[in-house]
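Chemist: Input sequences plus hints: build the corresponding full structure.
These protein sequences, in sequence, are chains A and B.
In terms of the working numbering, the first sequence opens at residue 1 and continues consecutively.
In terms of the working numbering, the second sequence opens at residue 1 and continues consecutively.
Just so you know, not all the hints are guaranteed correct.
Stated by the list, open to error - Derived SDA-like pairs (lysine to any residue); straight-line CA-CA distance at most 25 Å:
1. K107(B) with E501(A)
2. K260(A) with R153(B)
3. K89(B) with E157(A)
4. K352(A) with S440(A)
Unchecked claim - Restraint-style ranges between C-beta atoms, simulated for each label pair:
5. D115(A) with T4(B): 52 to 58 Å
6. S245(A) with H158(B): 37 to 43 Å
7. P173(B) with E586(A): 18 to 24 Å
8. E114(B) with E515(A): 46 to 52 Å
9. H158(A) with E416(B): 55 to 61 Å
10. E582(A) with E438(B): 44 to 50 Å
11. K27(A) with D508(B): 41 to 47 Å
These are computed hints drawn from the structure, not numbers from a lab.
We put the beta carbon where it would ideally sit given N, CA and C, even for glycine.
Number of protein chains: 2
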Amino acid sequence: MKRTTYAGLVDEKYVGQKVTLAGWVQKRRNFGELVFIDLRDREGIVQLTFSADQAEALEVAQKVRNEYVIAVEGEVVARDAAQKNDKIKSGAIEVKVESAKILADSKTPVFDIEDGVNAGEELKLQYRYLDLRRPEMQHNLRVRSKIMSSAYRFMEEHDFINIETPYLAKSTPEGARDYLVPSRIYPGSFYALPQSPQLFKQLLMGAGFDRYFQIARCFRDEDLRGDRQPEFTQLDLETSFLNASEIQGLVGHWVQQIMKDVVNYDLKLEDIERLTWQESMDRFGTDKPDLRIPFEIKDLSDVVKDSDFGVFANAVKDGGVVKALAVPGAADHYSRKDIDKLGQYIERFGAKGLAWLKVTDDGLTGPIAKFFDDDAAKALVAAADAKAGDLMLFGAGRADIVAASLDALRRLTAKELNLIDTATPWRFAWIVDWPLFEYSEDFDRWIAAHHPFTMPNEEDLHYLDEGEDPHKAHAQSYDLVLNGYELGSGSIRIHRMDIQEKMLRALDFTHEQAEEAFGFLLEAMEYGFPPMGGIALGLDRLAMLLAGQDNIREVIAFPKNSKATEPMTEAPTPVDAKQLAELGLEADEETSEDK
Amino acid sequence: MKRTTYAGLVDEKYVGQKVTLAGWVQKRRNFGELVFIDLRDREGIVQLTFSADQAEALEVAQKVRNEYVIAVEGEVVARDAAQKNDKIKSGAIEVKVESAKILADSKTPVFDIEDGVNAGEELKLQYRYLDLRRPEMQHNLRVRSKIMSSAYRFMEEHDFINIETPYLAKSTPEGARDYLVPSRIYPGSFYALPQSPQLFKQLLMGAGFDRYFQIARCFRDEDLRGDRQPEFTQLDLETSFLNASEIQGLVGHWVQQIMKDVVNYDLKLEDIERLTWQESMDRFGTDKPDLRIPFEIKDLSDVVKDSDFGVFANAVKDGGVVKALAVPGAADHYSRKDIDKLGQYIERFGAKGLAWLKVTDDGLTGPIAKFFDDDAAKALVAAADAKAGDLMLFGAGRADIVAASLDALRRLTAKELNLIDTATPWRFAWIVDWPLFEYSEDFDRWIAAHHPFTMPNEEDLHYLDEGEDPHKAHAQSYDLVLNGYELGSGSIRIHRMDIQEKMLRALDFTHEQAEEAFGFLLEAMEYGFPPMGGIALGLDRLAMLLAGQDNIREVIAFPKNSKATEPMTEAPTPVDAKQLAELGLEADEETSEDK
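Modeler: Shown next as structure tokens:
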């Protein structure tokens, strides 16, 4: 039996025709002489009817159970008006089966194959091939596939050359932890799985390819969070001889095409906003603002620096800031208890309590209202751009803690009160003019805000000279943000060895360390490297957003769980002692039994 | 200065126009008041002229050296007829430079940037970014990119879903040696880099995606040969509900489109030949025959079984074979010494000498001619399909040694005498009806000829039952061969657990071993797996052939050398003791210094 079309595509146009279909039994209703089966394939569901006039087929239908794989031949007939199902494409017809064959049987699945099924995450990952049969997961992976096709096609049309870079690469000391791959030929030596193709794509520009593109897998052995995976995919490009705004223009067109192809959305390029990093931090407390949320952070430091409320006045005196959000219409929605919860929520950022006020037609209410006389209250309300009915939430103290706290509260309250403005459902922004360095609490030192190959602004190059403060320098880097997520990160790269050496020195590399880690790149830059820049977009996150999901696991076929294991195959697994011996390795005894 | 076009694309159409170009100095000729520079970019070369009437530009030109990166503005002017260069696209014009800027300087490159440069392989890999600047390497990587684009587009047009499968996967005991990746979270446990996405794509068919495609990196820690790399790329697809000939038809169309898109060749589907594995072995001594070579192996066992030449007669008596090649017109081209060399060449296959005869108008000549009287000689010549002027080369003994020897001699002599018929430059063939198992000398046991998931022919299934000889079974597998290279390998897969278990038993897996290695697949097959099949084409080899190269390193941007190291970055490298400690590993002291 040779399939003639997908089950999910059979509709009124087929009425009167013979079709051959193959797929899975979604549901069977058995009335003895009459059996209905919902047949499922990747395109959807069609109803099959088996009746006594086709005894052999009926016999098959009586044997099958859910998730059996069957092939059937039959005629497409219109359903009675009363039987029509508007919810599915094939809802106006059914297939009167003339012959049927079981291609594979199935045990009762461990959970039902339907969206919203009540099964634990771990069980769904263990039986991923069952979970992936759900229409939602089929949709998610097709969205991801469409993004790749669209991205690929644009790149081809714009003369980018698709070049694969090695996955067995060299371990580098900067950035996150590398996954290592022991060498058998050189025991004690290791390849590293690359965290990105960054160095290779710069070398490809040095090699004169001019426009490079790759859908590249990247690997980071980091502690996992909800939206991180040990391996992830980037839409990675690099160009020569273009400046930052030319690259942003090109990427804008690219994203425009992807949005059109994948979600049929007409993105206007002028709707991609453009914020400096500083402006983004000031207005939203984050470098990845969700512009759909219609209220912003306001700086009240000047207004409250002499306030009777000591917490505010002292915060400013001690070199900190006082900022506020006026959450529109939120005053009635948050009780004291609710607000206490908000205060607990921001403790993770280092905030020590949450000051708040409700704005009424008659002035301010709340525990700290008494510290503000009429004039002070008016000044406060005006500066915070608040109106009657709003809930004012304050942050006071260290600027970074205030920013993180108010960013989190802005997102949280907007979500809880459904304040996200979806009139423009996709809000893109370029965040530009980043600091070149940022202070890392984790490492207790200055690190590159993006990576050590990011070109400083021309006018800031002197900050890298000896005796100057490199941390004042800003960079020619640009992040693309969508609806509060960082979609991608790009920059103009350093293409001159002298600047690259200064950059590494500013990162506290000794000459020897720089040579050992990046000597090949520094040497390459001595042989005529062109000005270059590029970007990498995170495919997982883009697919997650365009598929309407909130976890990247939902758009990855076989993801790792939160402990970096894959519950279906149980990877990683212990290996034979012989395999280790070949690699010249021994596993520490006290740890090898941990799993 | 904003580039207006590529240097290599400027031609007569631009005469009279201003252009801005950027690229590398290929060559400079300095006549003081007049300087010529050949400017190179990825599209080719254009001649720049600098003269005294643009003093600033001339000054720049006098500073630059080979491989400096410069940007120039100027007017395109026609060259005098006498100065025209037909070899390059821009040969009829030159650019009279009005302003110029040095974007990057360069040390004298360690080898000249030109095709056919005389530099060692290791040096070229160490300075790969310089080697890749050569027009030939630029072409090679663009051929590879074009193949990917074409393959991708076809798959999209044919409703394949592009799905990425994990690179951090589970180690499996069958096949080549895995590259391992130590887990930090579970010290003593390891991921494995997949040798192919085989199991994942079967699971995706089980998940109902119906048509899967991926450009997949694969990893094998094998000893390297000329055409092997530790990592390589497959154009990987899988389908459900199609039989072998339907899949071959689809793949035929796919290859047809790739050949058209990449080398503008009109492949007719009926020109893809179709040979059983047995026929291929009989006629060519190999499962990847080069059909462009117009002479074949002939079986003379019957003709010589009673020969006076004891070597032949005994070979047949002892259960072996006697076969021959009649190399057309080769008699005059090979001296005894040359033929001795051919004999030495095939010793690697286990051949113990090479019997030969030259065919003349007057009969046979050569050391063994005396054993053949007129009738025997005529019978021999007729059976070998030889004619006057041919050189007959014999193999006698074990069938596999004879096959390997005569295959090698057929390829070698065809190459040496330029006998390859290029009237049809691309000779594709499907090799079908393979044995399910083959005996591995390396492992000293029977292994799967393709892999353990290959479906036996329906009529051979009973051979897997207990008490029968599984090695008699043939498989529903098919290889695609091009010009003597295996391009890809595919099969219908086992989709039923009972057959899969029998297959693993035939491969001497105990029940426990089968469970440990493939338990998740066996379990998955219990939940309604559809009939499925697919293929993987080797991208590296296809790119090598279509780029006209004879080593896959020429079509890989950053390949490993023959010792699996990457001379530019020196990967693999030793890593910090701290990194090893985090992984719960120790490197054996006696081996860690080996590199």
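Chemist: All hints, please: hold or fail.
Modeler: Each hint, compared with the structure:
no.: 1; hint: K107(B) with E501(A); in the structure: holds (17 Å)
no.: 2; hint: K260(A) with R153(B); in the structure: holds (18 Å)
no.: 3; hint: K89(B) with E157(A); in the structure: holds (22 Å)
no.: 4; hint: K352(A) with S440(A); in the structure: holds (22 Å)
no.: 5; hint: D115(A) with T4(B): 52 to 58 Å; in the structure: holds (53 Å)
no.: 6; hint: S245(A) with H158(B): 37 to 43 Å; in the structure: holds (39 Å)
no.: 7; hint: P173(B) with E586(A): 18 to 24 Å; in the structure: holds (21 Å)
no.: 8; hint: E114(B) with E515(A): 46 to 52 Å; in the structure: violated (30 Å)
no.: 9; hint: H158(A) with E416(B): 55 to 61 Å; in the structure: violated (46 Å)
no.: 10; hint: E582(A) with E438(B): 44 to 50 Å; in the structure: violated (25 Å)
no.: 11; hint: K27(A) with D508(B): 41 to 47 Å; in the structure: holds (43 Å)
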